[in-house]
Amino acid sequence: MAAGARKDPLATYNAKRDFKKTAEPAGKRQSSPEGNRFIVQKHAATRLHWDFRLEVDGVLKSWAVTKGPSLDPEDKRLAVRTEDHPMSYAEFEGTIPKGEYGGGTVMLWDKGTWDPIPGKSAKDIEDGHLHFVLHGERMKGEWLLVRMKPRPGEKRENWLLRKIDDKHAGGAGDLVERALSSVLTGRSMAEIAADKKASHSLKGKKGEVFAAEMEKAAAHNKRATKPAAKRSAGKPPKFAAPQLATLVDAVPAGNDWLHEIKFDGYRALVAVAGTEVRVYTRKGLDWTDKFGPLVQAVTALDLPPALIDGEITAPGKDGNPSFSALQAELKRGHGSQKSHMDFHAFDLLSLNGEDLKALPQIERKERLEALLAQAEPPIRVADHVIGAGEKLYAAMCQAGMEGIISKRIDTPYRGTRTKSWVKVKCTRRQEFVVIGWTQSSAKARPFASLFLAQHEGNTLVYKGKVGTGFDTETLADLAARMKPLARDTPAAEVPRIEARGGHWIEPELVAEIAFAEMTAANEPGGGRVRHGSFLGLRSDKPAKAVKPEKAQPAPAPEPTVRISNRDRVIFPESGQTKGQLADYYAAVVPLMLPHMAGRPISLVRCPQGRAKKCFFQKHDSGMFGKDVHQVPIREKDGGHEDYIYVEDSAGILACVQMGTIEFHGWGSHAIEVEAPDRMVFDLDPDEGLDWTHVKQAAFDLRDRLTELGLTSFAMVSGGKGVHVVVPLTPGHDWEAHKDFSKRFAEAMSLAEPDRFVATLSKAKRKGKIFIDYLRNQRGSTAVMPYSARARDGAPVAVPITWDELENVESAHEWSIADSTELIARARRKDLKGWGFAAQNLPAA
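Numbering follows full-length UniProt numbering, in which position 599 of the sequence shown is assigned residue number 599; successive positions increment by one, without gaps.
A few of these clues could be false.
Pairs of lysine-lysine, PhoX-like flavour, derived with a Cα cap of 20 Å [said to hold, decoys possible]:
id	residue 1	residue 2
1	Lys140	Lys120
2	Lys120	Lys67
3	Lys222	Lys196
4	Lys636	Lys618
5	Lys357	Lys419
6	Lys67	Lys829
7	Lys167	Lys196
8	Lys140	Lys98
9	Lys766	Lys720
10	Lys317	Lys331
11	Lys197	Lys216
12	Lys196	Lys226
13	Lys829	Lys76
14	Lys832	Lys167
15	Lys720	Lys762
16	Lys76	Lys140
17	Lys283	Lys238
18	Lys331	Lys76
19	Lys197	Lys222
Here are the computed distance ranges between Cβ atoms for each label pair [to be verified]:
id	residue 1	residue 2	range
20	Asp686	Gly119	56 to 62 Å
21	Cys397	His693	52 to 58 Å
22	Arg47	Lys829	25 to 31 Å
23	Gly793	Glu687	16 to 22 Å
24	Phe616	Glu674	19 to 25 Å
25	Cys397	His340	22 to 28 Å
26	Asp642	Ala45	50 to 56 Å
27	Ala611	Pro553	44 to 50 Å
28	Arg223	Thr759	39 to 45 Å
None of these hints come from the bench; they were simulated from the model. Glycine residues also receive a C-beta, built at the ideal position from the N, C-alpha and C atoms.
Let's have the full structure, built from the sequences with the hints guiding it.
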């Protein structure tokens with residue numbers, strides 16, 4: 001009988017199981033209270049896969065998705081139809097004894113409800129397709145299941161599972177590579193497998209006895225559940241003064257700048273630790289109660305302690321963020337569940353107790369994208385482009401947006417107004433203090449216009465009137481706010497002819513005004529708002545802080561490091577020169593800095609080219625110039641040596657000018673050198689070992705790390721191997737860092753001694769892959785992402801996705817000639833946040 005036959009939907013399931021042995025429940029048809037549940041169970045059986053199950057007619061229709069679901073609409077994941085499962089299996093998590101059908105570790109990886117799209121139904125499954133919507137904790141939005149045309153003699157049903165391109169779509173590895181814990185208990189696969197009480201024998205148990213055993217299993221999993229407080233330990237960080245942007249008259253040029261949309265809303269800093277969330281204004285006011293739905297959305301992410309900078313907006317009638325729309329949302333009541341507010345996160349100031357403000361802008365943005373990889377609207381990460389700021393500015397102005405913010409990629413976060421953040425506006429708008437109003441001739445209108453002023457030094461200076469932009473509700477609200485502020489004289493000097501019929505108020509209300517221009521200050525009646533329109537009141541800024549904002553010249557491009565002897569051939573086999581190497585590094589600086597800036601580094605210098613004498617250099621007393629910095633680090637003998645680190649493009653190019661080809665970095669930052677935050681396993685194959693063996697070894701390491709609940713990333717080294725990179729939250733010392741990596745490498749070599757070795761001994765490495773964990777001890781380094789290598793052909797170390805690794809043909813597939821391709825691919829969704837994850841070193 002075909003799987004899913006309606007006469008006896010559980011016949012195949014029951015036939016395959018000996019219920020005197022297995023811990024799975026015997027099949028019994030029943031419906032859930034919702035009637036439309038879906039679950040996904042991560043199943044480490046003979047081969048790791050994800051069991052995708054939809055409730056239909058009291059059973060779970062099931063597919064085994066071999067690679068797991070992908071958020072990338074371009075990915076069509078094989079989903080093999082399996083027998084229907086009983087509903088009582090819907091929240092099973094534990095182990096099935098080896099040798100039995102389905103033996104292995106089972107994790108409840110996702111759960112929720114599903115619905116067919118309008119006009120479709122579950123009956124479509126029998127016709128070989130299903131278009132549906134998921135409402136899960138991890139899988140959301142529209143999906144499609146389509147049966148492939150069966151081949152002659154094929155017994156199993158092969159289907160394809162694909163994500164539909166909607167607001168929940170993302171990169172290929174965003175789900176299975178980063179979602180590594182149970183939605184039921186918060187445990188990793190390794191923790192579930194190690195739980196000896198997670199296997200429940202059901203030999204001969206039926207009816208009430210079976211139900212009692214299921215309750216016992218559920219009770220055990222409840223006890224085994226990791227408390228949320230442990231997963232998100234700590235308190236929300238304290239408020240920190242936000243960085244502010246300087247108004248300029250043009251978009252700064254060059255790859256040293258990233259550009260974001262300037263959102264028309266309220267600046268907000270969100271402090272979070274699990275279920276504790278605080279929302280602060282730019283002046284440090286606690287406005288948590290005003291943004292209830294947003295707070296709930298942040299709470300649902302269960303984030304570690306973090307301080308996130310961003311903007312709260314609401315869409316206007318045209319769909320663009322609108323300050324007026326946001327004001328209206330707040331007036332309707334912050335507790336409204338119909339709120340249309342969004343939070344656009346654009347910076348990360350601290351994470352897990354680590355102060356990130358000293359890190360370069362681009363690294364903070366990468367860490368933010370990694371932290372919020374699973375976030376969904378109304379929580380968004382603000383997109384950015386590097387270079388090409390003029391194009392973004394033109395597009396924003398054409399779309400009716402306010403403008404753009406440009407930020408230097410290599411600068412730290414400073415809680416003041418700086419020129420490393422600049423704003424370029426499409427329209428003129430500023431904040432003004434309301435000092436009075438004029439009477440309206442229309443009885444239904446409480447006032448005709450508002451008198452405006454701004455502080456210039458210690459003096460409040462009159463700046464004209466605004467009489468448009470008010471609707472009936474706004475007029476009434478403003479009139480009510482101004483009434484108790486009445487005073488006899490104007491707070492600023494208003495010309496007599498303009499002051500006639502004026503009613504004056506204390507200078508406490510701050511209004512945002514859009515206008516065509518300010519009249520020339522040196523003309524009679526100058527310095528006034530022309531064609532102004534009221535946008536809304538700003539209660540997040542005190543009146544005393546309202547000053548004129550005058551556009552300054554855009555920052556000039558930073559002077560570049562002069563590269564001498566540009567025509568000197570550095571790579572004799574392929575002919576690339578010192579100038580071409582410098583041009584490569586200048587282009588990929590935005591890709592390198594998130595991983596290298598601020599880390600102590602060692603340089604491979606080849607002043608006469610790679611074919612001649614090359615040497616490592618890690619100490620410097622100033623010979624590289626002012627752009628290459630030094631940090632004193634304690635040595636084993638108790639003394640201190642100055643180690644090199646760089647912070648920006650000038651530092652990188654200064655090193656290249658001095659003959660540097662390769663950059664190798666520590667596993668920690670100079671600001672906290674004793675707190676490692678990056679673990680690297682370098683897979684170094686014996687001579688002659690096929691590349692496919694190296695790739696499979698990388699996948700095996702990834703799978704073992706995944707079982708431990710650790711997200712890892714792949715990088716082809718530019719040499720002959722693969723680096724498996726494990727980002728970690730600082731909080732452990734070098735001894736624990738090295739000990740974990742050593743035990744992990746040795747466990748891999750003990751499990752498969754014919755494939756792996758964890759010792760430097762050349763004699764023991766013949767025909768094997770050395771898992772080099774020694775890069776994880778204090779003072780050791782690993783090649784940095786996008787570093788060139790001093791090898792034939794000028795290859796480059798390149799971050800890749802795990803999906804890409806399957807098709808990469810060598811560890812040196814890219815060279816310094818491929819900077820344009822590398823920059824383009826780094827913008828892809830599946831590479832955003834590469835190399836960053838908020839995760840802790842597992843306990844010993």
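Inset, instruction - Given the hint that Lys222 pairs with Lys196, test it: the Cα-Cα distance must not exceed 20 Å. - result: Distance of about 15 Å is within 20 Å: holds.
For a C-alpha distance cap of 20 Å, please report whether Lys140 and Lys98 respect it. violated (33 Å)
inquiry  = Check whether the Cα positions of Lys357 and Lys419 lie no farther apart than 20 Å.
reply    = holds (16 Å)
Fill in: C-beta pair Gly793, Glu687: status relative to the range 16 to 22 Å that was hinted
holds (19 Å)
Hinted pair Lys76 and Lys140, Cα distance within 20 Å:
holds (17 Å)
### Query
Is the distance from the Cβ of Cys397 to the Cβ of His340 consistent with 22 to 28 Å?
holds (24 Å)
**Prompt:** Taken at face value, is the distance from the CA of Lys222 to the CA of Lys197 at most 20 Å?
**Reply:** Given that 20 Å is the threshold and the Cα spacing comes to 12 Å, the pair holds.
Within 44 to 50 Å or not, the Cβ separation of Ala611 and Pro553? holds (47 Å)
Are the Cα atoms of Lys331 and Lys76 separated by 20 Å or less? violated (46 Å)
**Study point:** Assessment of proposed distance window 19 to 25 Å (beta carbons of Phe616, Glu674)
**Key:** holds (22 Å)
A range of 56 to 62 Å was offered for this pair. Does it hold for the Cβ distance of Asp686 and Gly119? At roughly 59 Å between Cβ atoms, Gly119 and Asp686 fall inside 56 to 62 Å, so the hint holds.
Notebook entry, point to check: Lying within 25 to 31 Å: is that true of the beta-carbon distance Arg47 to Lys829?
Noted result: holds (27 Å)
When each numbered hint is compared with the structure, violations occur for hints 2, 7, 8, 18.
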